[in-house]
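Respectively, the protein sequence lines represent chains A and B. Per full-length UniProt numbering, the first sequence starts with residue 1, numbered consecutively. Per full-length UniProt numbering, the second sequence starts with residue 1, numbered consecutively.
Careful, some of the hints might be misleading.
Copies of the same chain look alike in the list, so a pair counts if it fits in one copy or across any two.
As the list claims (entries may be wrong) - Below, simulated EDC-like cross-link-like pairs (lysine to aspartate or glutamate); rule was C-alpha separation at most 20 angstroms, straight line:
hint, residue 1, residue 2
1, Lys35, Asp109
2, Lys146, Asp178
3, Lys104, Asp3
4, Lys2, Glu30
5, Lys146, Glu63
6, Lys2, Asp149
7, Lys104, Glu141
8, Lys146, Asp61
9, Lys186, Glu40
10, Lys146, Glu17
11, Lys91, Glu66
12, Lys35, Asp178
13, Lys158, Asp18
14, Lys158, Glu122
15, Lys91, Glu141
If you are wondering where the hints come from, they were derived from the structure by calculation, not from laboratory data.
Number of protein chains: 2
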Amino acid sequence: MKDIVRSAYRHPLLVGEDLERLVAAHHRCEVEKGKVLIPEGQVAGEYYILQSGLIRAFVHDYEGSEITTEFFVAGEIAIVPDSLFQRSPSKETLVAATNSVLWKISFDDFQLLFHQVPGFSEWGRLWFTQQLFAMKQRSLEMITAKATDRYLRLVTEKPQIIQHVPLKQIASFLGITDTSLSRIRKEISQ
Amino acid sequence: MKDIVRSAYRHPLLVGEDLERLVAAHHRCEVEKGKVLIPEGQVAGEYYILQSGLIRAFVHDYEGSEITTEFFVAGEIAIVPDSLFQRSPSKETLVAATNSVLWKISFDDFQLLFHQVPGFSEWGRLWFTQQLFAMKQRSLEMITAKATDRYLRLVTEKPQIIQHVPLKQIASFLGITDTSLSRIRKEISQ
DNA sequence: TTGTTTTCTTGTCATTTGGCAAGTGATTCA
DNA sequence: TGAATCACTTGCCAAATGACAAGAAAACAA
């Protein structure tokens, strides 16, 4: 039943007893579409492993309009790392884009386990490595790829998004206007 | 003398004996402009703390042309995290953009200390957090800011770069052509 | 169901940036 | 020193995208 949690912590050095201690620290919660998990300006006190549904992160630009910074899908960890680990007010808002089922762990529990469970810090290092790599790829793609290609890649990698999220939010994630995205879609469908 | 190394590991949980063990694992090396520290396709076996000079990271796009992905300046850690920590061939090349003085630590030494030195994993988590945040900022900037503003921010944050690096390399880092950057510079100077 | 709001599409025109090519200096190196 | 290469600038035109506005379609609420 907590398999989704277990598989989120998959790592060679993290097995048996140790892994189960981690898993046990997570608590199930269901949220409805629109529910704000972590609001802007607040210090994040937990992170979430997403079992089902879709979580969106966004910031506000200098004009006050929303820019989507991330979409979290099932199996991923919905988190605001800099707020959580630097204990600083979050610049991002985490909100449920659809009804979702999550497994929550508090920062305090995490912190305890990070020091006590062998292999956990190793797992964390790998998780960060992968996140950093993914984010570098994203920066690179914004530079090298056309908007059309960025959209197509999103569609193939996270098709769930297209079904459930308004075009405007997808567009801001891709770095274009909703008008442009609408035209791109038209172009593609021909 | 190794102050630059010490200050790179500044963290509340990393002091005294423990810190000195880390510092002792670093070895000084001098490199000339053009020296490749980590070539594409090879598994990174170390990382570097930069005392003076300038290190550039780049990848090749689908057409084979260089895209600068990062500039490392004095005090920063020149590293290819995914190659180092996943033991995978590097997609990036690390090259000295000017003559530089570095403090090198091997992956094996790092790995040993990561497990033995209390507080080191905590430091690492914070370092990753900051890196990830910076990279998110960069993605966001590529979306929201005009090329002119991206250039101006680079100039104020890392002015060393402009003096020492050819325009083409700066342009690819900013996601524009050298032609455009040349025009932007002209525009600014008026 | 009706009315209201949100979402999406489309048209027109402006702005940003790219592609290509020519030309000028500067640097390198044999 | 001369020839080659590299770095930068500039002009011209094309392509991609944005801004604004109107209207159609869909979702939502009373």
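A quick look at each hint next to the structure:
no.: 1; hint: Lys35 <-> Asp109; in the structure: neither (23 angstroms within a copy, 46 angstroms between copies)
no.: 2; hint: Lys146 <-> Asp178; in the structure: both (15 angstroms within a copy, 18 angstroms between copies)
no.: 3; hint: Lys104 <-> Asp3; in the structure: within (14 angstroms within a copy, 41 angstroms between copies)
no.: 4; hint: Lys2 <-> Glu30; in the structure: within (14 angstroms within a copy, 52 angstroms between copies)
no.: 5; hint: Lys146 <-> Glu63; in the structure: between (25 angstroms within a copy, 14 angstroms between copies)
no.: 6; hint: Lys2 <-> Asp149; in the structure: neither (36 angstroms within a copy, 47 angstroms between copies)
no.: 7; hint: Lys104 <-> Glu141; in the structure: neither (32 angstroms within a copy, 31 angstroms between copies)
no.: 8; hint: Lys146 <-> Asp61; in the structure: between (22 angstroms within a copy, 13 angstroms between copies)
no.: 9; hint: Lys186 <-> Glu40; in the structure: neither (35 angstroms within a copy, 39 angstroms between copies)
no.: 10; hint: Lys146 <-> Glu17; in the structure: neither (48 angstroms within a copy, 52 angstroms between copies)
no.: 11; hint: Lys91 <-> Glu66; in the structure: within (12 angstroms within a copy, 33 angstroms between copies)
no.: 12; hint: Lys35 <-> Asp178; in the structure: neither (24 angstroms within a copy, 45 angstroms between copies)
no.: 13; hint: Lys158 <-> Asp18; in the structure: neither (32 angstroms within a copy, 44 angstroms between copies)
no.: 14; hint: Lys158 <-> Glu122; in the structure: neither (28 angstroms within a copy, 32 angstroms between copies)
no.: 15; hint: Lys91 <-> Glu141; in the structure: between (23 angstroms within a copy, 14 angstroms between copies)
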